[in-house]
Structures are given as C-alpha cells and as structure tokens.
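Take these sequences, add in the hints, and give me the full structure.
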Amino acid sequence: MTDAVAPKVADPRTVLHGTSAIADHTEGMGYLQTLPRRLVTLYLPLSIILVVLLFPF
Amino acid sequence: MTDVALKPLLREPGAWDRLKVNRDWLGLWFMLPAAAFLLLFLAYPLGLGIWLSFTDARIGRSGNFVGLENYVWLWDDSVFWLSVFNTLLYTSVASVFKFAIGLYLALLLNHHMPFKAIIRAIVLIPFIVPTVLSAIAFWWIFDSQFSIVSWSLRKLGLIATNIDFLGDTWNARWSVIFANIWRGVPFVAITLLAGLQTVSPSLYEAATIDGASRWQIFRHITYPLLTPIIAVVMTFSVLFTFTDFQLIWVLTRGGPANATHLMATLGYQRAIGGGYLGEGSAIATAMIPFLLAAILISWFGLQRRKWQHGESND
Numbered sequence: 001m002t003d004a005v006a007p008k009v010a011d012p013r014t015v016l017h018g019t020s021a022i023a024d025h026t027e028g029m030g031y032l033q034t035l036p037r038r039l040v041t042l043y044l045p046l047s048i049i050l051v052v053l054l055f056p057f
Numbered sequence: 001m002t003d004v005a006l007k008p009l010l011r012e013p014g015a016w017d018r019l020k021v022n023r024d025w026l027g028l029w030f031m032l033p034a035a036a037f038l039l040l041f042l043a044y045p046l047g048l049g050i051w052l053s054f055t056d057a058r059i060g061r062s063g064n065f066v067g068l069e070n071y072v073w074l075w076d077d078s079v080f081w082l083s084v085f086n087t088l089l090y091t092s093v094a095s096v097f098k099f100a101i102g103l104y105l106a107l108l109l110n111h112h113m114p115f116k117a118i119i120r121a122i123v124l125i126p127f128i129v130p131t132v133l134s135a136i137a138f139w140w141i142f143d144s145q146f147s148i149v150s151w152s153l154r155k156l157g158l159i160a161t162n163i164d165f166l167g168d169t170w171n172a173r174w175s176v177i178f179a180n181i182w183r184g185v186p187f188v189a190i191t192l193l194a195g196l197q198t199v200s201p202s203l204y205e206a207a208t209i210d211g212a213s214r215w216q217i218f219r220h221i222t223y224p225l226l227t228p229i230i231a232v233v234m235t236f237s238v239l240f241t242f243t244d245f246q247l248i249w250v251l252t253r254g255g256p257a258n259a260t261h262l263m264a265t266l267g268y269q270r271a272i273g274g275g276y277l278g279e280g281s282a283i284a285t286a287m288i289p290f291l292l293a294a295i296l297i298s299w300f301g302l303q304r305r306k307w308q309h310g311e312s313n314d
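Residue numbers (this note's numbering), protein chains in the order written: chain A, 1 to 57; chain B, 1 to 314.
Treat the hints as calculated values from the structure; they're not laboratory data.
The beta-carbon is built from N, C-alpha and C at its ideal position, and this holds for glycine as well.
Errors might be hidden in some of the hints.
Restraint-style ranges between C-beta atoms, simulated for each label pair [as the list claims (entries may be wrong)]:
| id | chain 1 | residue 1 | chain 2 | residue 2 | range |
| --- | --- | --- | --- | --- | --- |
| 1 | A | V40 | B | L88 | 35 to 45 Å |
| 2 | A | L39 | B | A160 | 28 to 38 Å |
| 3 | B | D168 | A | V40 | 33 to 43 Å |
| 4 | A | Q33 | B | I136 | 36 to 46 Å |
| 5 | A | I48 | B | R23 | 29 to 39 Å |
| 6 | A | V51 | B | P130 | 18 to 28 Å |
| 7 | A | T41 | B | L124 | 54 to 64 Å |
| 8 | B | L28 | A | V40 | 57 to 67 Å |
Some chain A residues well away from chain B (every beta-carbon gap over 10 Å; in silico) [what the hints assert, rightly or not]:
| id | residue |
| --- | --- |
| 9 | T34 |
| 10 | L35 |
| 11 | P36 |
Right, dumping it as structure tokens:
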C-alpha cells in the first residue's frame, strides 16, 4: 500500500519544476475536467487568441 | 574647569541642523526629488497648455490673451465635434472589448497547463512592442491592395474585391479600434491575471463542493474579488485609449475625411501641423473634463468595497 503511493509523492520532475497541481495552487478542482472538455474550453480559445495576437508579427 | 573647556565643542544646534534630523521633515526631503520631477515634467506642461489655450499663440510668435475665444471657435467647429464623437466611440468600444477579452484571456491563463510561463510571455508581446511598429504591421494588414485579410477572403471566395479598410469612413473607424483592442488586451489580461492569482483556491473548492456552477463561481467569487484591480486597470485602459495618438497617426492620420481623428490627433494637427498653438491647446484642454469624468466614475463606481477591508457593507 505504501509502495503504491510513494512513487507519486517522490516524483522528482514534479517536485523540481513545480508543475503538479499541488505546487501550482491555481488548478483547484481542475482534475475533475476531462481532456476533451479542456481542449474545447481552454486550449482551443487560447490558441485562437494567441494566433490573433501573434498574427501581425 | 571641565565645563569651560567643552563649551566651544558643544555649540547649540541651529534650526537647519534640527530640520536635517527631524523625522517629520524626513518624508519631505525624500519626496522633494519626485515632486520636482512631477512639477517640471507634468504640472508645468499642463499649466502651459491650459494657458496657451487662452491665447492666440502661433509657432514662432508668443500670443496675447484672448479669453475663451479658442473655445468659442471650437464650439462651432464641426470637425472638433466629429473628433469628440470619434474619441468617445473609440474609447468606449475599445475599452469594453479590451475588458471582455482581457478578462477571458486572464481566466484561461489562470489554468494549469504546459509551457504556462512561455505562453504568458508570448501574450505580452503586442503590449511591449513599440506602438509605431505594430501600427506599421496593421498598416500592411489593412492595405487596400496588399491586405492579407482581403487576399485570404478572396481566395476563400467570400469576397470579390479587396476591402478598403482605411479608405472608407466606418471601415477605418473599426480598423483602428481593432488595432487598439489587439494592442491593449495583453495589458488587461496580465494585470487581471495577477489579481486572479491572489484568489484563494480554497474558495473555488468550497464552491464546487457546494454545487456552484461555473457561472456562479465567477459571479460570486472571482468577479467580486477582482473588482478593485478591475477598477485600476480599466481606469488606466480608458485613459490610455482616450489619449491615444500614435496608432491613429501612423495608420490614418485622422483620415479619411476626419473619420478617425481623435481629440489628441486633431489637437496635434492644429497646433503643430497648422501652427495654431492656442487652438490646439484648447482641444487638448477640452480632453481634461472627459478624463476627470472617467476617473471619477471608476473611483466611485468600482472602488474597494467595505467588505473587502474585512468590514460589513452598510
């Protein structure tokens, strides 16, 4: 039981880069979102806005 | 004997010596350089501009006091009123869109995602690039012959001829408004993002557990906690938009047929281009009441509520 949890907690990449939800503090309960939902509500509109912002360059 | 020997050394401190170490005056000493800077570069030009608006000064000739003559002249000037209309339209439409898109972008950037820092840096690019440079890019995009937008729409079969973005009055107005929105969105987004990051995630978690919808979370948690920073950022945004000059001057120089002349560009054209310093100054001075109104609306309408200080509302 302890062995199963240990690798997650001690993952050096998430600890070093602070990319986990715990380190970030901005995700909240975002883990409830599915990938397709994130694609439509986050990545797609963000991509469109970024393309428009970078278009003149 | 000892008292007599020390007396010349322990002389009574003068008023100047006391002022130098007085804590109450210390603040004044620290403030003096900034105050001098503000007086020299802000208050003096403002005062000079207001004074010039009451004179018939022209370039190379100091003017005489003419009272309100410049303002009376402007009151009957249709181009001036057109510039007032253009400025209000430009400011209101651009500010509303900058706020809406900026807030939406801030909410998107507040999510956890890969390459978050790089994306946030990229978003800032339109704001950090010199206005003249981005205006020249839009000049090409809006060109009547070589516009990539017209070319793309023609290739897609949606239009038959090129769109005259900067040659038609209303097309020109919407084009410069679009360019201003494009340039202003990053400033609003990044500032609001800073505000969003101060909102505790535990509030969102509690609301989610209570069954609140996304809209309810935004309406009752995010928006109220962002109100103070929205007040500040939108005040700045409205002021910057109202006094915009560079973008218009590079793209249209106020044309076609004065359709995109803002008060700032018209004042410059009359004062520097035409040489009528008094009249140009009067146009610039006429902007002050609008700017004061914008500040007051923001101050009284969106200022920090009492509950945000930990007190209850009346």
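Check on A:P36 being off the interface with chain B, judged by Cβ distance over 10 Å: Its Cβ never comes within 10 Å of chain B, the nearest being 15 Å, so this holds.
Taking 28 to 38 Å as the stated bounds, is the beta-carbon spacing between A:L39 and B:A160 within them? About 36 Å separates the Cβ atoms of A:L39 and B:A160, which means 28 to 38 Å holds.
For the hint 35 to 45 Å, verify it against the beta carbon of A:V40 and that of B:L88. Cβ of A:V40 to Cβ of B:L88: about 37 Å, so the range 35 to 45 Å holds.
Between A:T41 and B:L124, is the Cβ distance one that fits in 54 to 64 Å? At 23 Å between Cβs, range violated.
Is 36 to 46 Å a correct range for the gap between the Cβ atoms of A:Q33 and B:I136? 41 Å, holds
Taking the CB of A:V51 and the CB of B:P130, does the distance hold inside 18 to 28 Å? Holds: the Cβ-Cβ distance is about 22 Å, inside 18 to 28 Å.
For the hint 33 to 43 Å, verify it against the beta carbon of B:D168 and that of A:V40. Given range 33 to 43 Å: holds, Cβ gap about 37 Å.
Taking C-beta pairs only, is A:L35 more than 10 Å away from all of chain B? 12 Å, holds
Taking 10 Å as the cut and beta carbons as the points, is A:T34 off the interface with chain B? 14 Å, holds
Return holds or violated for the Cβ distance of A:I48 and B:R23 against the range 29 to 39 Å. For A:I48 and B:R23 the Cβ distance comes to about 57 Å; the hint is violated.
Does the beta carbon distance between B:L28 and A:V40 stay inside 57 to 67 Å, or does it fall outside? 59 Å, holds
When each numbered hint is compared with the structure, violations occur for hints 5, 7.
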